[in-house]
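**Student:** Sequence:
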Amino acid sequence: YDVRELLDSSVKLMDGRSPLEIELPGPLNALKKPLIRIVKGTVIEKLLRDHDILRDSMF
Numbered sequence: 001y002d003v004r005e006l007l008d009s010s011v012k013l014m015d016g017r018s019p020l021e022i023e024l025p026g027p028l029n030a031l032k033k034p035l036i037r038i039v040k041g042t043v044i045e046k047l048l049r050d051h052d053i054l055r056d057s058m059f
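Be aware that the sequence shown starts at 1, since it is given in the numbering used here, and climbs by one per residue.
Warning: the hint list may mix true and false statements.
To be verified - Once the Cα atoms are required to be at most 20 Å apart in a straight line, the calculated EDC-like pairs of lysine to aspartate or glutamate come out as: (1) K40 - D50; (2) K12 - D52; (3) K40 - D15; (4) K12 - D2; (5) K32 - E45; (6) K40 - D52; (7) K12 - E23; (8) K32 - D56; (9) K33 - E21; (10) K46 - D56; (11) K33 - D52; (12) K32 - D50; (13) K32 - D52; (14) K33 - E45; (15) K33 - E5; (16) K46 - E23; (17) K33 - D2; (18) K46 - E5; (19) K32 - D2; (20) K33 - E23; (21) K32 - E21; (22) K40 - D56; (23) K46 - D8.
Note that these hints are calculated values from the structure, not bench results.
Generate coordinates for the entire structure from the input sequences, incorporating the hints supplied.
**Tutor:** Structure below.
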């Protein structure tokens with residue numbers, strides 16, 4: 001599968017919302033910010049931004 005198509009599909013299925021905007025149960029929610037900081041400045045960040053998974057308000 002093409003990862004870009006999967007990313008686009010996940011946003012479309014959530015009516016334009018990023019999968020990172022949903023509340024996760026328990027300690028999983030606390031992992032979002034550290035994981036976002038890890039991908040900052042990488043090709044993965046660019047890919048996620050291009051497909052509206054990551055937004056400026058998430059940093």
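**Student:** Each hint: holds or not?
**Tutor:** Here is what the structure says about each hint:
In summary, the hint linking K40 to D50 is supported, as the alpha carbons are separated by about 14 Å, within the 20 Å threshold. Between K12 and D52, the direct Cα distance comes to roughly 10 Å. Compliance with the 20 Å bound is thereby established for this hinted pair. As the CA atoms of K40 and D15 are separated by approximately 25 Å, the hinted pair breaks the 20 Å bound. Taking the CA atoms of K12 and D2, the gap is about 16 Å. The hint holds against a cut of 20 Å.
Annotation: proposed proximity of K32 to E45 holds, straight-line Cα distance about 14 Å (limit 20 Å). This hinted pair checks out: K40 and D52 have alpha carbons roughly 15 Å apart, not beyond 20 Å. Distance hint between K12 and E23 is fulfilled; the C-alpha atoms sit about 18 Å from each other, no more than 20 Å. For the suggested pair K32 and D56, the alpha carbons sit about 14 Å apart, so the restraint of at most 20 Å is met.
The hinted pair formed by K33 and E21 meets the criterion: a straight-line CA distance of about 11 Å does not exceed 20 Å. The suggested pairing of K46 with D56 holds, with an alpha-carbon distance near 12 Å, which does not exceed 20 Å. Proposed proximity of K33 and D52 is supported: the alpha carbons are some 17 Å apart, at most 20 Å. Taking the CA atoms of K32 and D50, the gap is about 19 Å. The hint holds against a cut of 20 Å.
The hinted pair formed by K32 and D52 meets the criterion: a straight-line CA distance of about 16 Å does not exceed 20 Å. Proposed proximity of K33 and E45 is supported: the alpha carbons are some 13 Å apart, at most 20 Å. Taking the CA atoms of K33 and E5, the gap is about 25 Å. The hint is violated against a cut of 20 Å. Proximity of K46 to E23 is assessed by CA-CA distance (about 23 Å); at most 20 Å being required, the pair is judged violated.
In summary, the hint linking K33 to D2 is not supported, as the alpha carbons are separated by about 26 Å, beyond the 20 Å threshold. Of the pairs offered as hints, the one joining K46 and E5 holds, with about 15 Å between alpha carbons and a cut-off of 20 Å not exceeded. Among the hinted pairs, K32 with D2 is inconsistent with the structure: their alpha-carbon atoms are about 24 Å apart, more than 20 Å. With a C-alpha separation of about 13 Å, the suggested pair K33 and E23 falls inside the 20 Å cut-off, and the hint holds.
Restraint check: the Cα-Cα separation between K32 and E21 comes to about 10 Å, which is no more than 20 Å; the hinted pair holds. At most 20 Å may separate the alpha-carbon atoms for a hinted pair to count; K40 and D56 meet this at roughly 11 Å. With a C-alpha separation of about 14 Å, the suggested pairing of K46 with D8 holds against the 20 Å cut-off.
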